[in-house]
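Asker: Construct the entire structure; sequences and hints are all you get.
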Amino acid sequence: MEPNSRTPGIVGTLGIALLVLVPILGLINAIVNRPADPFSGETPSLEQLIQGARVWKLLLHSVLLAMVVAVGSVMAGGWMAWVEYRTRFKGHRWVTLLALLPMAMPSYIVAASVRSALSPGGWIGDALGLPQMTGGIIAALVLIAVTAPLSQLIIGAALQRCSAAEEEAARSLGASPWRVFTSITMPQLRSAVGFSALIALLYAISDFGAVAVLDMPVLTWRLYSAVEGQEVAKAAVLGGVLLLATLPLFVISRWIRGEFKAHNVANPRPVVPQPLTSLPLGISVATLMLTVGLGLIIPIVTLGSWVADGLSRNLAFVNPMVSVWDTLFAAILGAFVTLAFAWFPAWAVASKQRNRKRGGLLEDATYVTSALPGVLLALGLMAAALQVTQFLPPGAYAGLLGTGLLLMLGYSTRFVAEVFAPLRVAFLSLDPRQDESARTLGVSAWIRWRKVTLPALAPGLAVAWVIGFNAIVKELPVTLLLGGATGLRTLSFRVWDRYNESLWHDAGLAGLLLVSLALGSVLMTLSWRRHA
Amino acid sequence: MPEVPLQITGLGHQYGASTVLENVDLTIGNGEFVSLLGPSGCGKTTLLRSIAGLLTPTRGEIKLSGRSVCSDGQNHVETERRGVGLVFQEYALFPHMTVTDNVSFGLPTMDSQRVAEVLDCVGMSDFGERYPSELSGGQQQRVALARSLAPRPSLLLLDEPFANIDAILRDSLERELLRVVRQEGAAVLLVTHDQQSALSMSDRIMVLDEHSSGSSVLQEGTPAIIYQAPATESVATLTGECSIIDGVANGKSAETIVGVVPLATDKTGPVRIVVRPNSMRFKPTEGGDFQVADIRYTGATYRLYITGKNEQFETDLAGSEIPPTIGTKGVLEFCHPCWAI
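Here the protein sequences line up with chains Z and X, keeping their order. Just so we're aligned, residue 0 is where the first sequence starts under numbering that gives the first Met the number 0, counting upward by one. Just so we're aligned, residue 0 is where the second sequence starts under numbering that gives the first Met the number 0, counting upward by one.
Just to be clear, a hint being listed does not mean it is correct.
[Said to hold, decoys possible] Examples of chain Z residues lying across from chain X (beta carbon under 7 Å, computed):
1) E167
2) A168
3) S171
4) L172
5) A174
6) S175
It is worth saying that the hints were derived from the structure and are not from the lab. Built from N, CA and C at the ideal position, the CB exists for glycine as well.
Answerer: This is the structure we're talking about:
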């Protein structure tokens with residue numbers, strides 16, 4: 000990496016600007032140039048649209064749900080992180096790995112299977128005599144189950160960085176275990192806790208699959224319904240409010256990332272893990288029942304039971320292999336395109352940070368993309384495409400959607416931040432002295448790149464690609480809204496479509512295949528994490 | 000009469016099947032500075048952590064100021080109630096707290112006067128509002144020392160506190176540490192593998208070494224005794240550079256391959272003789288049995304590496320003198336009596 004090269008910064012900035020600005024400008028344009036009502040012929044005012052759509056109530060629901068999920072996710076994930084790094088017991092490794100697996104589960108599959116299993120007529124609902132499982136509480140529990148593993152990873156990484164020496168020093172100065180936790184450990188975890196709360200908050204406020212399945216009226220679901228119903232003006236206003244609701248999170252994330260870097264300890268000595276005693280054991284079992292039970296076991300058993308039911312009744316199954324190939328095609332290509340968008344920003348930001356500078360606007364803008372909910376992003380891209388193609392011959396809009404260009408742009412915008420993070424670390428860990436010593440040996444730039452830089456980058460590159468692949472395999476709103484016209488029938492598309500048609504056996508089979516793909520890639524990433 | 004700050008009897012510890020400490024006895028008196036010297040991995044830190052209560056030793060008893068805090072594999076008193084100060088090799092300052100907050104952490108209530116007193120004592124009065132990341136290694140170590148001294152512990156444990164500090168700064172910090180602990184009146188147990196630190200700072204040194212059945216104490220005594228009269232070859236090599244040669248003693252001298260060597264004590268029969276660099280000098284002589292194999296200039300002295308008669312020796316020459324060239328032949332003359340084991 001040339002230390003003073005400005006090319007990565009310029010290319011990276013242009014790429015990220017494209018990803019951020021196209022959907023946002025498309026959305027703003029749709030709000031400003033709202034189409035007239037087809038019946039009255041009048042353009043509705045913003046006030047009318049806001050009142051008609053009961054936007055404030057939806058916003059309140061979205062924010063409340065996101066806050067409950069954030070708190071629950073941090074508590075469950077934080078506890079499991081503690082169990083992972085501060086305790087030891089027989090089977091510890093497998094239990095803590097199991098606790099991470101629900102992150103492979105798409106929220107809409109968990110929601111659909113939990114609703115089916117726990118409601119009357121379901122395999123658990125009947126046994127326990129439970130009422131219909133819909134609404135805010137069950138939606139919150141489902142979202143906590145799938146986001147808690149992310150909190151476990153983030154808080155766990157911070158726990159790993161805490162040095163035993165500081166806690167031991169505090170104890171030697173007379174601090175009780177509780178005071179050591181509150182005064183020494185917790186302040187060092189604060190930014191990680193804040194960061195995981197933010198991730199859970201973003202996940203919950205962006206999610207639309209789980210809330211739609213569980214009948215929880217929130218902004219994303221109503222936005223999707225408005226787009227599906229071609230209520231463009233209403234969709235634009237809902238999208239605008241959703242964008243405003245997520246904006247404060249950008250500021251918070253910027254502040255938290257700054258804090259996150261400040262308290263790193265070089266080569267910390269790990270704390271010696273302790274055996275798990277009865278009360279913590281009880282809390283761990285309860286946490287695992289929520290995360291693994293709700294987020295992994297119930298969905299897999301339920302999906303299996305749907306398939307078994309279809310087989311026992313000799314129902315015809317749609318050939319799932321078509322969806323598997325479509326999923327692999329979309330996810331492999333999408334991961335490469337996302338990687339390409341993340342490449343130059345990661346290179347440029349790492350170069351800056353190596354010189355002890357802040358990542359600056361480019362890094363902030365890259366993270367901003369992660370806060371754009373999928374439905375909003377798809378709407379913004381569709382609005383921008385409409386705006387551009389109105390000057391082209393008729394059919395150009397449908398043609399553009401059919402190329403899959405918008406789908407790939409949607410995936411890249413949605414996941415560029417997730418791919419950027421490991422890639423930046425990979426660039427940052429490159430040792431410039433290796434390249435310098437190769438230069439002194441008279442090796443050409445291309446050979447240096449191929450034989451020195453690329454092998455060093457390869458592990459980080461692979462992790463980044465797998466993260467992108469996994470995210471695209473599970474993705475729903477962008478796939479539904481931008482992928483439909485491409486003719487691709489991915490597994491997520493199939494699950495949603497078949498579930499809404501009440502063809503459970505097909506939904507179950509597609510769901511099981513999707514979960515297998517996602518679990519496989521998550522396990523691969525986790526095994527790399529253990530070896531790293 | 001006040002109880003001694005530390006009394007250890009028959010201490011032993013095992014990690015699984017592997018024994019790291021075996022039957023260690025140690026007593027430290029009020030205001031005494033004791034160093035535990037030994038190679039890496041010999042169990043020094045295990046012993047220190049046992050005293051601090053961060054580890055429960057398998058056997059033996061530890062008494063702090065007359066109170067049994069641990070015996071027969073049971074901890075009776077938790078770390079936080081032992082009242083010992085502990086300074087870590089990696090400083091272990093709390094990164095999210097200012098220097099003042101770090102130093103006041105161990106005080107029951109905020110005592111600005113005491114904080115100011117210890118910060119002044121370590122020369123860090125002007126740094127109270129700084130964060131650890133804004134301090135150099137030496138400054139961080141001073142704050143760590145101030146923090147552990149603030150609660151007025153009767154015993155201060157130092158775990159290789161100067162390992163991450165360069166030689167020049169280490170020397171000044173060592174002198175400062177001695178001044179501060181004497182001023183505070185605390186007894187000190189220093190764990191180190193650096194014989195120079197142990198010899199220059201301690202009232203007493205305990206040498207620990209590893210053997211097949213775990214580490215145990217090889218010798219205990221004043222720095223001069225440990226250096227000049229090592230009980231074993233291990234102690235001799237751990238406490239400084241030396242050559243060890245075979246000889247046959249006959250009273251105050253011994254016949255060796257290099258000639259007659261004066262001995263510090265009366266001995267008879269076969270002996271192993273510890274030859275320190277300062278006990279002999281090299282005298283260039285035509286046709287001598289020894290020759291200069293290498294020379295290293297250290298500023299104050301030249302260190303000459305001498306070979307001959309299948310033995311190797313090191314000896315010093317004042318830096319102001321003109322050194323011989325490599326390959327110069329000569330003889331070895333003993334100017335001080337040597338210690339025979």
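Asker: For every hint, state whether the structure bears it out.
Answerer: Consistency of the hints with the structure:
1. E167: At 5 Å from the nearest chain X Cβ, E167(Z) passes the 7 Å test, so the hint holds.
2. A168: holds, 4 Å
3. S171: Interface hint status for S171(Z): holds (4 Å vs cutoff 7 Å).
4. L172: Because about 3 Å separates L172(Z) from the closest Cβ in chain X, which is inside the 7 Å limit, the hint holds.
5. A174: holds, 6 Å
6. S175: With Cβ-Cβ at 6 Å, under 7 Å, it holds.
Violated hints are absent here; each numbered hint is respected by the structure.
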